[in-house]
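Engineer: Chains as they are written, first to last, in the working numbering: chain L, 156 to 380; chain C, 109 to 595.
Everything labelled a hint here was simulated from the structure, so no lab data went into it. No residue lacks a Cβ here, since even glycine has one placed at the ideal position from N, Cα and C. There could be a bad hint or two in this list.
Restricting the straight-line Cα-Cα distance to at most 30 Å, the calculated cross-link-like pairs of lysine-lysine (DSBU-like) are [stated by the list, open to error]: (1) Lys311(C) / Lys407(C); (2) Lys311(C) / Lys374(L); (3) Lys471(C) / Lys332(L).
A partial selection of chain C residues facing chain L, derived with a Cβ cut-off under 8 Å [what the hints assert, rightly or not]: (4) Tyr256; (5) Glu260; (6) Ile262; (7) Leu280; (8) Pro547; (9) Pro552; (10) Val553.
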Amino acid sequence: MNIEQTDFYTQAILSMAALVGLTSFLMLGQGRLLRLIFVFAVQGFLLTLTTVLAAYSLNNPHLYISAVLTLVLKVIFIPWMLRREVLLMNTQRDVQALANKTLVMLGGASLMVFSYYVLHPIVQTTSPVMLNALAVSLSVVLLGMLLMISHRQAVAHVVGFMSIENGLFFAAIVATKGMPMVVELGVAFDVLVAAVLFGIFFLHIRTSIDSLDVDLLNKLNEVDK
Amino acid sequence: MIAVYLVLLIPLVGIVFFALGGHRADMGKLNVRFNAICLLATIWLAVNVLNQGTILSDNKAFLIDPFNVYLIVLTAFVGLTTSIFSGPYMAHEKDLGKLTDNRLKLYYSMYQGFMLAMYLVLTTNNMGIMWVAMEGATLATVMLVSLYRTPESIEAAWKYFILCGVGIAQALFGTILLYYAAMQIGDGESSLLWSVLYENASKLNPEILEIAFVFMLVGYGTKIGLVPLHNWLPDAHSEGPTPMSAVLSGLLLNDALYAVVRNKMLVDGASHNHIAGYLMMGFGLLSFLVGALFLHRQKDIKRLFSYSSIEHMGMMTFAFGIGGPMATFAALLHITVHSLTKSAIFVTVGHASQLAGTQSMDKIRGLIKTQPKVGWGLLIGTLAIAGFPPFGVFTSEFLVLLATMHSYPWLAPLLLLGIGIAFAGLFRHIQPMVYGDKPEGQHPVKANLWPVIIHLGLVLWLGLAIPEFLANWFSQATLLISGSTPL
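Chain L with its partners taken away, still in its complex shape:
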């Protein structure tokens, strides 16, 4: 594939995929919570741009609604809520996350390779561009999981959770030109409710264990104590 021969839309989508993937890696290695939230907002903004681009190029007006939803939810509301929580708890740093940074980054890189490997069979039926877009989405999903595993603060878990949603959203926009409208509205509604619930949860966790370190949530397990 020669990238200069493809049309503008395809080139733009490929660059967006690369940038979204990059933000995921930036989040993975980030030990400061406020910067983590900022990178998350940037990722949301990139998604908004991708959606607007797709809506314009494919002449698909309902994607504009998705773009507005993404902008409001993932660039403004959720980062605002998380930022407030971090400042309130005065936990700007998630120190433990930095301990095994190299290993986590290497793990992230192998997850990306793995995504390409898993989705390789679809290359027979479509263009390599689609493979790139889908593989990046899948790796954003997997990197979100790795972020949740490697960080210990509840705020980082929420960022991971929401960045998984971002990966799925990117796949839906790029591969299928957006899901049917009702589905997209439903998903946005679920994300909104989830965000509100996370807010309520922070309050409960704070009052019950006086910290947002989820490692302290360890009372329930199968091991005899």
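Once you have looked at the hints, place chain C on chain L.
Structural biologist: Frame of chain L; chain C shown alone:
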């Protein structure tokens, strides 16, 4: 068709009514009424399907066929009987000071919200909406798991939220891949409708669908409680209020399995190498064995029965995975009898732990001497769930075993071993609890055991003779899923 809209509208009204209405003393009774009206609507719907066969609504948004119609009635029925139990139970919990008025309001509102999500999962024809509703069910129940606001319950709810949320995100990726495959053969908004996908299944790209199915199985499998994605299940069941455990075990797990089977039907239509079946067999058998082994280690009575749920869901997944007509028929029957038995057991477990004032099995003693109905209910329920004849669970497990011996004889010993281990695991805990002398100061509680009696009666009936219309539905559903009839 009106019946479908009624089924969805009634719980919606219920959510708004309980959420916005002021606190009232008779919320428990009103909740029963909402569920009773809903059950009537589902029966109306079922009669329609019985007379006309499969119903597809005009805008193609809803599809009712023999496979989901009995699950809809089952959902409404278990929802109703559990609400009958939950009224006095929650009132008692409030008297103990575990709850406030506002949380009781939240509880009833979200009970209806959960029911709405369940009906939507079952009735919708759109695979995307199915996902949205499934996630909605998580969101509705997550606040209920942490209803008591103890550190343990908040931990359980957090775990439930994160694990199920991340898990089910995989199912959305699967759904996107499915849509992607569908877009290659036809464009437009209707490509995600199950009825359209099913008709064109043979044209869908098998490779993409197989990848999609892996994601669906992992995603919805988290909600089924398949090992190794099951960690949230015992926690959520043990820390939430008992009526919630009853509906989670009896309904939510079924609906997640339903979603997987719907997707399996598409994959089987597209590719003929049975990969979806093998995956389900593997995950199912693993869950079945691990669930059975973990029964032995439990100390909390609700955790005990949630592992029993994992074990049974594993068996159903395994049976659907085998995929022949007999195994499919057995799985459909097993869904029904497991839901009825397990929700009955959770009702008695709720009373038993209120009696003893604890969920710890070491401290629950002498149930039969204290309150014979509760003790016998628990004992008979456990007999039924362990697969004793003449209860329905025996029939379905026997059929699964027969189908296994027919198709994969070398797996049959594993299955038998698992059933044996599970039986021992249940009885070593239950026997000291129901028999023996009652501890000092243990008094009977106010309990309504009609739900238990009706459920166990039905399970007994299904074990002795399956009514003709139900057998017909099962056969038609089997035909739909496996391509041939069992008889």
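Engineer: If a hint holds in the structure, say so; if it doesn't, say that too.
Structural biologist: Do the hints match the structure? See the list:
no.	hint	verdict
1	Lys311(C) / Lys407(C)	52 Å, violated
2	Lys311(C) / Lys374(L)	51 Å, violated
3	Lys471(C) / Lys332(L)	59 Å, violated
4	Tyr256	11 Å, violated
5	Glu260	5 Å, holds
6	Ile262	5 Å, holds
7	Leu280	5 Å, holds
8	Pro547	24 Å, violated
9	Pro552	31 Å, violated
10	Val553	26 Å, violated
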